[in-house]
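Could you build all of it, start to finish, from the sequences and the hints given here?
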Amino acid sequence: MSELDHVVARAEPGAPKPDPILVVEDVRRSFGGLLAVDVDHLEVERNTITALIGPNGAGKTTLFNVLTGFDHATRGSWAFDGNPVAGLPAYRIARLGMIRTFQLTKSLARLTVLDNMLLAAPGQSGESLWRAPFGFWRVEERANRVRAVALLERFNLAAKQHDLAATLSGGQRKLLEMARALMVEPKLIMLDEPMAGVNPALVQSLLEHIKALRDEGRTVVFVEHDMDVVMNISDWVVCLAEGQVIAEGPPASIVANETVIDAYLGTRHGPRPSAVDPGEVL
Amino acid sequence: MDWGTIFEDGIRTGIGVTAAVYALTAVGLNLQFGYTGLANYGQAGFLLVGAYGTAIAVDRWELPLWLAFFVGMAAAIVLGLLLGVPTLRLRADYLAIVTISAAEILRITANSRAAQDVTGGPQGIKGFAGDFYDLNPFSGRFTLFGDVAFSARNLWVIVVTWSLVALFSALLWLLMRSPWGRVLRAIREDEDAVRSLGKNVYVYKMQSLVIGGIVGGIAGVMLVIDRQFVEARNFESSITFLAYAALILGGLARIAGPVVGAMLLWFFISATDTFLRQSIDEGFLGLDSLFDSSDVGAVRFMVVGLLIMALVIFRPQGLLGSRREAMFGE
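Protein chains in written order, with my numbering: chain A, 9 to 290; chain B, 953 to 1282.
Since the hints were derived computationally from the structure, they do not count as laboratory data. No residue lacks a Cβ here, since even glycine has one placed at the ideal position from N, Cα and C. Check each hint, because a few of them may be wrong.
Cβ-Cβ distance ranges computed for the label pairs, FRET-style [what the hints assert, rightly or not]:
1. B:R1043 x A:N64: 24 to 32 Å
2. B:R1267 x A:R162: 33 to 41 Å
3. A:F142 x B:R1043: 32 to 40 Å
4. B:R1267 x A:D27: 33 to 41 Å
5. B:D1240 x A:D171: 50 to 58 Å
6. B:D954 x A:D171: 46 to 54 Å
7. B:M1261 x A:W138: 40 to 48 Å
8. A:E161 x B:A1118: 50 to 58 Å
9. B:A1122 x A:A167: 43 to 51 Å
10. A:R155 x B:Y1085: 29 to 37 Å
11. B:R1267 x A:V263: 26 to 34 Å
12. B:L1271 x A:E148: 56 to 64 Å
In silico negatives: residues of chain A with every beta carbon more than 10 Å from chain B [as the list claims (entries may be wrong)]:
13. G40
14. L42
15. T76
16. S85
17. S115
18. P141
19. E149
20. A189
21. M203
22. P208
23. Q252
24. A264
Below is the structure:
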């Protein structure tokens, strides 16, 4: 974070970062006449928690979908950890270590909690059709199981490991999705509204989990509406409105930013009264 | 009412070649639909290309039957790829539409006069399975009990077809307990989640469609080997839907589900048939005033339909299905 402090002085949309893990360049996504994403330049600093905020319809989820390969960009390029990934299918981007979760949790309902976790383990030889019938994958399966149970313990789900994921509460499913994403050993984890629909009692524990991700060296980008949450855990905030990055900076600077306030109040267009040229009035 | 005969007729059909062919058909569907969630409504098309591929290779190209069998399997693989390439990236409904249409196109084409030189058209192809019967180790007549007896020829087909059912069920069992099987079950639940974890969902769906199609193709080969005759009428889409009925009856996503389901389905179809015929002869419950013996073929399916409805209402997971999983189905 100390490195980011140098950036603060010139924090404006598209500000360069000392060690970016994700660099977005000129990315557009339009649906017919609607330009949902229109990002000129955006960098995400490695090993930080970056919040993506913005009013409803600002294009946050669309940007997530485009960057992770779940949607096609109309144009533009972006690089993850030095690899250009624009146009790659979602599974290839995920394999590079950029893992996303979904706004509506996608726990695999009729798989057990443990199977949800084991599924996510990368590089399993038993996932190949030709090797699956023979039991040679059992050794790595045992190692994956140890890792899965350890993660479930960390997320307070170990007692549920043999239950179907469908039996979990909404908050537990968010935890499972986060734990499952960690099974992939991601460098960058993108959380789409991790707090949505979560019982307030669980929010604090979810926040601690997100902070722990950064503390173990990962980078986190998350979409969030609750400004208290954003202020509490993020190192950097990016505000999106009508598809564009209208402001970015440390949380404290963002809450005081007039452009951001205007975007949330819906009066972004046109000059503010105070900005009107006095000469014109006279 | 002769309940003994009704029971024996049911058993004879329940363990017969037809039930075994449907079991094999449903084993393929179980992989595709039960485990992977792929709605293949054109399984009859896979049976058709397997059967015609084999028969044409013997009759027109004069290959030995064992080699011709692989031609049939290759045809099933090609059909799977052709159907999968354009549809498996799209939403699930497209596969359903394309598979059922493809199966109908294949059936109508095979039956057409334009294709007569290759498929025999409406005349079909006869007597291509001599090699198979030359290997028959059985002789005389085999009696299981009472009137449940089979000729040596029949017994040979029955043993081979049920052995294939056992072989592919065992293979499926091995596959579904592996990480590969776990990926398929996960795709059934939510393919975007699987994609987000770095798995190439398209390849897995293709593998599932093709392997299920090969099993269907083998079912088609056994169907026409039994009859020593292949014609397009053997491959109406009712095959697909009766195989689905067997699968749902036995229980989706259970290894033995399609096998038990096919046996029970054909037991009930045959037992109902005999029961209705006897009822008409004896005037039981006044059924003879409602319909005569020429209607029995249709009425027995109504009775079986009611049976399946009752099952779906009272035991939605099927006979062997997991109650726990069924509770959380879509």
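Status of each hint after checking the structure:
Hint check: R1043 of chain B to N64 of chain A, Cβ distance near 26 Å, so the stated range 24 to 32 Å holds. Here the CB-CB span from R1267 of chain B to R162 of chain A is close to 40 Å, well matched to the stated 33 to 41 Å. At about 35 Å, the beta-carbon gap between F142 of chain A and R1043 of chain B stays in the expected band of 32 to 40 Å. Judged by the Cβ atoms, the range 33 to 41 Å given for R1267 of chain B and D27 of chain A is violated: they are separated by roughly 59 Å.
Taken as a hint, the range 50 to 58 Å holds for the pair D1240 of chain B and D171 of chain A, whose Cβ atoms sit roughly 55 Å apart. For the pair D954 of chain B and D171 of chain A, the supplied restraint of 46 to 54 Å holds, since their beta-carbon distance comes to about 51 Å. Between M1261 of chain B and W138 of chain A the beta carbons are some 42 Å apart, a value that agrees with the proposed interval 40 to 48 Å. The beta-carbon spacing between E161 of chain A and A1118 of chain B, approximately 42 Å, falls outside the hinted interval of 50 to 58 Å.
Between A1122 of chain B and A167 of chain A the beta carbons are some 35 Å apart, a value that contradicts the proposed interval 43 to 51 Å. A beta carbon spacing of about 56 Å between R155 of chain A and Y1085 of chain B contradicts the range 29 to 37 Å that was offered as a hint. The hinted window of 26 to 34 Å between R1267 of chain B and V263 of chain A is violated, with their beta carbons roughly 58 Å apart. For L1271 of chain B paired with E148 of chain A, a C-beta distance near 36 Å fails the hint of 56 to 64 Å.
Against the 10 Å criterion, G40 of chain A stays outside the reach of chain B, whose nearest CB is about 20 Å from its own CB. At the 10 Å boundary, the C-beta of L42 of chain A stays outside the reach of chain B, the nearest C-beta of that chain being 22 Å off. At roughly 7 Å, the least C-beta separation between T76 of chain A and chain B is not larger than 10 Å, which violates its mark as non-interface. Even its closest Cβ contact with chain B, about 21 Å, leaves S85 of chain A beyond 10 Å, as expected for a residue assigned away from the interface.
Against the 10 Å criterion, S115 of chain A falls within the reach of chain B, whose nearest CB is about 8 Å from its own CB. Its beta-carbon lying about 4 Å from the closest one in chain B, P141 of chain A breaks the requirement of being farther than 10 Å from that chain. Under the 10 Å C-beta cut-off, the non-interface status given to E149 of chain A relative to chain B is violated; the minimum distance is some 7 Å. Not every C-beta of chain B lies more than 10 Å from that of A189 of chain A, the closest at about 8 Å, which undercuts listing it as non-interface.
Taking the minimum C-beta to C-beta distance to chain B, about 19 Å, the non-interface status of M203 of chain A holds against the 10 Å cut. With a closest Cβ-Cβ approach of about 26 Å to chain B, P208 of chain A is found to remain outside the 10 Å limit, as its non-interface label requires. The beta carbon of Q252 of chain A sits about 26 Å from the closest Cβ of chain B, which is more than 10 Å, so the claim that it is off the interface holds. No Cβ of chain B comes within 10 Å of the Cβ of A264 of chain A; the nearest lies about 36 Å off, and the non-interface call holds.
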